[in-house]
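J.: Chains as they are written, first to last, in the working numbering: chain A, 1 to 763; chain B, 1001 to 1311.
Bear in mind the hints are in silico, worked out from the structure with no lab data behind them. Check before you lean on any hint, since a few could be wrong.
[Said to hold, decoys possible] Only pairs whose alpha carbons sit at most 30 angstroms apart, straight line, appear in this in silico DSSO-like list of lysine-lysine:
1) Lys-178(A) - Lys-1206(B)
2) Lys-495(A) - Lys-562(A)
3) Lys-204(A) - Lys-1227(B)
4) Lys-315(A) - Lys-1171(B)
5) Lys-431(A) - Lys-416(A)
6) Lys-1206(B) - Lys-258(A)
7) Lys-1206(B) - Lys-225(A)
8) Lys-172(A) - Lys-1206(B)
9) Lys-203(A) - Lys-1227(B)
10) Lys-1120(B) - Lys-254(A)
11) Lys-172(A) - Lys-1284(B)
[As the list claims (entries may be wrong)] If you want the footprint, here are the derived chain B segments under chain A, 3+ residues with CB under 8 angstroms:
12) 1105 to 1119
13) 1240 to 1252
14) 1289 to 1302
[Claimed, not checked] Covered stretches of chain B, as calculated for chain A (at least 3 residues, CB under 8 angstroms):
15) 1009 to 1023
16) 1200 to 1211
Glycine residues also receive a C-beta, built at the ideal position from the N, C-alpha and C atoms.
For reference, the chains in residue letters:
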Amino acid sequence: MAERGGRGTSSGGDSSLDKSITLPPDEIFRNLENAKCFAIDIGGSLTKLAYYSTVQHKVARVRSFDHSGKVRIALYSKPELLTCAVMRRKKNGNLKHRDYSVYKCVCFLFRVDKEDVMTCLIKGCNFVLKNIPHEVFAYQKDSDTEFRFQTNHPNIFPYLLVNIGSGVSIVKVETGDKFEWIGGSSIGGGTFWGLGALLTKTKKFDELLQLASKGQHTNVDMLVKDVYGGAYQTLGLSGNLIASSFGKSATADKEFSKDDMAKSLLHMISNDIGQLACLYAKLHNLHKIYFGGFFIRGHPVTMRTITYSINFFSKGEVQALFLRHEGYLGAIGAFLKGAEQDNPNEYSWGENYAGSSGLMSPSPDLCPMQRARSGTFDMFEMDRLERPLVNLPLLKDPSTYIPDTVDLTDDAMARKYWLTCFEEALDGVVKRAMASQPDSIDAAERAEKFRQKYWNKLQTLRQQPFAYGTLTVRSLLDTREHCLNEFSFPDPYSKVKQKENGIALKCFPSVIESLDSLGWEERQFALVKGLLAGNVFDWGAKAVSEVLESEPQFGFEEAKEKLQGIENHSVASCLCEGPPHKCALIFADNSGIDIILGVFPFVRELLSRGSEVILACNSGPALNDVTYSESLIVTERIAAMDPIIQSALMEERLLLVQTGSSSPCLDLRYVYQPYYITHVTGQLHFLSASHYSRLDKGLALLVRERKTDLVIIEGMGRAIHTNYYAALQCESLKLAVIKNSWLADRLGGKIFSVIFKYEVPLK
Amino acid sequence: MCGVFFFLLVFPWFGLDIGGTLVKLVYFEPKDITAEEEEEEVENLKSIRKYLTSNVAYGSTGIRDVHLELKDLTLCGRKGNLHFIRFPTHDMPAFIQMGSEKHFSSLHTTLCATGGGAYKFEQDFRTVGDLQLCKLDELDCLIKGVLYIDSVGFNGDSECYYFENPTDSEKCQKLPFNLENPYPLLLVNIGSGVSILAVYSKDNYKRVTGTSFGNMMSKEKRESVSKEDLARATLITITNNIGSIARMCALNENINRVVFVGNFLRINTISMRLLAYALDYWSKGQLKALFLEHEGYFGAVGAFLELLNSA
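Here chain B stands alone, though its shape is the one from the complex (with noise of 0.2 angstroms):
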């Protein structure tokens, strides 16, 4: 349908995601626009085109990972790059600021958004960056991301992987994994919380259980812990446990694939290897864990989904 009416559908295309400790934006950057075009961009649009992608940290705190971009897609009848960017979410007051001053609102988009913040900062996006929502719930926009991203694969490469030998430092190898016949899924977010849902097909899922207990990253520790042991017990202590919640759930929904998303797991091969390891020992090797590359961004990608669907 949004092939059909793709010019209704004006840029920027966003995709946000704003939870408790970090904003996930995705970015559409076309590729094919022609000159003609280019004469017609908006000044306001091409400053933020070319300030997205020329620049790889924005502020002192937004990053974009540029490993993780997705090159060549194709959405809507337009070819562009999908450019992942991540800042914290202490800093949004800061975002919607630089919205308004930017003018985005002059520019007619939709902002579609996720996550908890999408809630929380609805009035401020209004007052302050004169711009309105478009509200999207967060676990929703999680499971099409995952579908799609996975539908559409990482550069020509799998976008699911799983461990070989997680304990053997050696022989551990990450393999990529096919996920065309996904159902039924655990998956299991890590964020700031964690959240665990059994995926039964792509409208059909639900919240198995939620847990407070994630990503926990006190200030206090971070300045204590200059001893690199007590980090490292923290980090398997909490991975051994949401591994073992995770296990709990998938034996519960008689699920045997568990999706481990979030972005706990970002640069977090320990994390993720203990889990691989955990998994297959206490189940026997009945289940086994999975992960995406684009581990915490995928809320993100559904919301950017909705903004096309919505055209």
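Excised from the complex, chain A in its bound form (with noise of 0.2 angstroms):
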């Protein structure tokens, strides 16, 4: 697919296969060139396709290559483009390879048959409701949030799925390969339009819902009150219910506006599908439907009639629930249909928001810039992740646990401070990102790439705050990283994170002998404010990253100044009273002083203490947080100065994991259970470049293996913007620096104000 549109039409004269094609831009086709595995899915209106690409990141620090797979779907608006491209590449007669695939996609195409459409829906729907973070929303028409993003729920069995496309299926879905179709209606969206059109000679469908958005039903319908004066009183139907629908225009002698008709036709159709969807439900015992199909895709007006109507015929008992990447379904399923040697199900998989174009703008005049963007294609990126993740087995209640600690979706004055805070950190991390490359020859235009990128990204955001779900910290940070990555820059603080990391080391042996030298009490206090000063050294903070920057002498004993509220904290002894904890579960945070001096001597002093450590650290690189492959390294070297470091690691006392996360921030979340078990107790040192905020399987066995009896988590990615009210089943302890003055004002303190929470469950 390296040949663009406008060139090349073929001389052939009796093709009409060749002409009017225009290629999408290269974005849209984002590692064609390394594809092995085509779907594709055309549909009445959209063609979807699918592609699974290898893509090659560079890890910095090791200098290999990390094979991690993609993959993208787009959705397209001409269904025969595909076709003619393939087409025209086969009658040049140069079918290379990459093209052989291509061409194999197309012939998958015509063998599709009807249950196959079913089937690859079923999988494609099963595959994001486990995979895909906030994938389901409910329409809440009254609300400043119209969208109402839902916790992805362990088990999504049994639900009932409603494609409205032309006509309307109706599909009850009982487990991952059993599925039946119970029902359907030929009152769809194709009668929307066409009695649309010939009510109102309007012949678009985006048209027609337009008209019915600044509509008055109540011209056109009769109402109950048209009927009885008022309310019906016996029945408890009120006055403005529709009693019949057009059912004025059936007697009135007058004309009906074009709005008028369109908004009768909508709520007629949509509470004929509804009462049909509500019926089946009750009939099969079922309190879930999700909802699909080009009738509703993306179009608020309609998603309101259907949860209206859902709502007023169950009386409340079902919900009426939409998809994010309801479009994408199809061609999902057939992808990992035609990928089922590759195991795709045993994998967990992440939606990557760099490549992903977002929720579409309830009304597309909002945010002209998004369209222009991508033009009439959507795309949906998703990376497959090297190690299945699994939820943290301490957590008290995975099914209500909510890692994100604010809603920006909800709380509109947080979002605008963020994301002006991320736009104004931008500048910043762009020159970083070249900074980090200063030998290659394209790294500026890369970076400036990037500000583009992640500055529409930002933009998307502040017109549809829920483009791709809820809007967190944690998402726009995994954005910026997920974005980094796309213009290949997988770690711009590596330079930053060395020459830190080997700065601290010099200072750890002083560091220990001081703090040998006090007596137990005062050593419990100076390891917490140590714990607390390493964590200020935070490059992804901008108020630290400008006196790093300004001030290069600024170091450990400078942080400890900068502390605010430390003195309260005399509570930090009784951590460590009482008997010693059977193991640790330390989440890392920074490289350098943070890791060094802060964490490591606390790990010493658990580690006297007689328990157990698991010093936990992102598999991939987060701004300056230090990387499980980083902290080998770190450690190999703290031990070299250190017995008690030393003789731990040899006892496997001190285990170093890797979180399977590639996140500035922790999502301990139950998100997918692979079918199988595998034993990864000697695959620890796999590395992987995972950019998602889940938790490592391995990690999650450990922890059950060591009876871990406590949780530290550090810093403000982790502990503050994440995790904050995380209930976990043993002890934790949350801490971090404030080092950001508007979230200190906000919590009542001031910057550089320390958090420390340790918390004992009940018992």
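Hints are included, so try docking the two chains, each in its own frame, into the full complex.
T.: The structure is reproduced here in structure tokens:
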């Protein structure tokens, strides 16, 4: 698909296929050259293509290539487009290897039968329900946040899938392999379109919906109050209820406006489908109905009417739900079906925010920028994660756990602040990215592209906070990481981290020495103070990065001076009173002083007390957070200086693991339970570049095996933006330094205030 | 009870069902009027009787469905015929005006009315026509009407019928159905909108659901659809839809007999046969679609029966 639109129309005169082909820009078919598996879903109005490609990411420190799989799915408005492109290549007779795979996907397309279509749809649906966070949302009419995203529930079955295309299909899904077409109706999107065209002479579906959103159905419909003069008391029917759709037009001698008729028609069809869906849900005792199909797709008007209808007919017993990636289900399913030999279900997958276009704006004119960017193309990119991710076994209640502390979709003030904050920090990130690759000739160009991309994402989110699910500080941070990665800046802080690690390692012996000279109580306090002071060194915080840029001599002692409110935390010692913990799990934050002078002395103290320690670091880079591979090197260096660390390593009482995440935040949530259990102990040194914040399965197993009874979560990203309210089954300590004055203000403190949250679960 | 006190019940005997689109009126014409009685009959009453029974059309829109007339009924000790008359609801003000001009109120009869219009036009009846309406619940009336008419039969024939081979125009047959043990029963009333009732006994029923998607007839469409295809497509679509919802309700309520009534089915064999077919097909023969000859008049009959009961 290297060939682009406009170029190379073939000379053959008979080919009607060759004319007016415009292939989408590069961005749409990103990484197509590495594609190895295709799936295509050609619907009546949209064509969906899914392909799997292996992407090479440079991992700076280890200088090796890491292969992670991606699935890209694009939505097209012109079904003929792909077929044309492929046919042309074939006729030119120069079928190379990769053209062949494209050709193959077209063959596949013609073999799709009806049953396959449904199978694909359900497969795709199950897949996104399990894998994509905030996939599901309910529509709320009279709310600031129209979209109410649902927390992924471990058990997605059973549910009803109502696909409203031209007609309506109603499918009951009981398990991953068991579903049944239980009903349907010929009154669907096609009916709205067709009758709408007849009534209003408006041929375009979107225009009909626009008419409908302006119209007043009460002018056309006969309402209960038109029949009764008021409400129908005995039945408790409100006077505003529609008694008869279009009922007024039968007898009134007047012209009806197009808007009103379109609205009435929309109500009629939505109500009808809603009623039918409710009856089926009731008959099969189901409480969740997912709606999809082009009638619904990205159209708030239809979501609203369907939701209303379901609420009305089910009296609230059934919930109308919608999917963010509803339009891609068939293509994802076809892809999964085609890729079965690759066992796609055995992996965890994550949405790549950089490669995906968000949920459409309720009205297209609201956000022309987004439209302009992707044209008529919508994209959905998922990354296959190397390792299955599961929930932390120590979560008190995985089904109610929400990692994020603040929902920015809800909190408009916080949203405004954080979007601005990320905008203002962008220059610095761009500069840092460029500086991290001084030898690259196109670094400046790529950095500029990154700036543009992330800036556009931020603008999209300003207009449509719900574009990628619930907006959170975590999703903003993750999006930035995804964008950096897309333009091959996998680790802009690698040099900073190396330098700081070097400096901190040099200070390590003296820090240990001064700690060892203290009495027990003072030492506990000093250790906690050190832990917090270390956490000041965070390049992700603007206030800190400015200090670090301008004051190169700023060090550990200076950081201790900055801390606010630390004197009140004599509570620190209570953590270390009583019998030693069996095993402590520590989620580390930054490289350099944080891990080496803050965390390691603390680890050392725990080890000396006889506790085991699991030190969990990110699998892939994010900001200046310490990565797993870096932690290996750092630990090796420290072990060489410190016999306690050395012996703990040898005896496997100190274990280094990766979290499976490359996010500055931490998601402890259950997302996906793979079908099989592997023995992972031997694989702990596996490298992965998954840019997702969920938990590595190996880590989860280890936590269980070592009977972890203390969890320490460090840093703003992991302990404040996420997990601040996380309830665990065991003792937990969440600590961070608030390095953002707005947030400090909001929490009622000053910048550099410390958060020290020690929780003991009720027995 | 009314047999004893029949003399208290003055003529004329009406039952009125004022729907969203149509007004249905049943009128009992006594045929056992003695000469003496006739002599005493006030002029107003006589003129109403003559007017209603000697015409088949009233004004430009009122119609008497002569073919539905029930002959030789005995009610409250009186013998007579029951007439079925309908006119559009938008002519209701004219109807009330006429009642006022003809001094209907001087007859001291009670006007039993059901349907939404009984509420909507109550004020007009009182102020313009000087008439006090006796308002009755429309679902009560509907069920009473259905049970009564089915019990008296249709002039010796069966009121209830069904279709055999509904899809085959050659072999399709309309056959009588015995509704002697009617319960449980799903009653689907297709008027302007659709009401679906599950009836378990004379007094025990519930409204299962309702829909606004009934007899859709837009002015716009009537004009633009000179094309029969379009009209037929619309008819089939709506009918299938009603059938499908009725079927789901029957399944949910575990009822296998579905009686369709309402004026949507008037001279609408296409819809009836389609409903018959759809119910049979989708339920694999488990459900039976039944129809009644007096389609849309049961509410009015129910109101009429209440009048007799009130005596």
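J.: Taking the hints in turn, state whether each one holds.
T.: Going down the list of hints, with the structure as the test:
1. The hinted pair formed by Lys-178(A) and Lys-1206(B) fails the criterion: a straight-line CA distance of about 35 angstroms is larger than 30 angstroms.
2. For the hint linking Lys-495(A) to Lys-562(A), the alpha-carbon distance of about 25 angstroms falls within 30 angstroms, and the restraint holds.
3. Note on Lys-204(A) and Lys-1227(B): the hinted pairing holds, with a Cα-Cα distance of about 22 angstroms set against a maximum of 30 angstroms.
4. In summary, the hint linking Lys-315(A) to Lys-1171(B) is not supported, as the alpha carbons are separated by about 44 angstroms, beyond the 30 angstroms threshold.
5. Between Lys-431(A) and Lys-416(A) the alpha-carbon distance is near 24 angstroms, which keeps this suggested pair within the 30 angstroms criterion.
6. Restraint check for Lys-1206(B) and Lys-258(A): the C-alpha separation of about 38 angstroms exceeds 30 angstroms, so the hint is violated.
7. The suggested pairing of Lys-1206(B) with Lys-225(A) holds, with an alpha-carbon distance near 22 angstroms, which does not exceed 30 angstroms.
8. As the CA atoms of Lys-172(A) and Lys-1206(B) are separated by approximately 28 angstroms, the hinted pair is consistent with the 30 angstroms bound.
9. About 19 angstroms separates the Cα atoms of Lys-203(A) and Lys-1227(B), which keeps this hinted pair within 30 angstroms; it holds.
10. For the hint pairing Lys-1120(B) with Lys-254(A), the CA-to-CA distance comes to about 22 angstroms; that is within 30 angstroms, so the pair holds.
11. Between the alpha carbons of Lys-172(A) and Lys-1284(B) the distance comes to roughly 20 angstroms, so the proposed pair stays at or under 30 angstroms and holds.
12. As drawn, the region 1105 to 1119 of chain B meets chain A at 4 residues by the rule of a beta-carbon pair under 8 angstroms; at three or more, the given contact holds.
13. Given a C-beta distance limit of less than 8 angstroms, the hint that chain A covers the region 1240 to 1252 of chain B holds, as 8 residues qualify and 3 suffice.
14. Residues of the region 1289 to 1302 of chain B with a Cβ under 8 angstroms from some Cβ of chain A number 0, which does not satisfy the need for three, so the listed coverage is violated.
15. By the rule of at least three residues with a Cβ nearer than 8 angstroms to a Cβ of chain A, the coverage given for the region 1009 to 1023 of chain B holds, with 3 such residues.
16. Interface restraint, the region 1200 to 1211 of chain B with chain A: holds (4 residues with C-beta to C-beta distance below 8 angstroms; minimum three).
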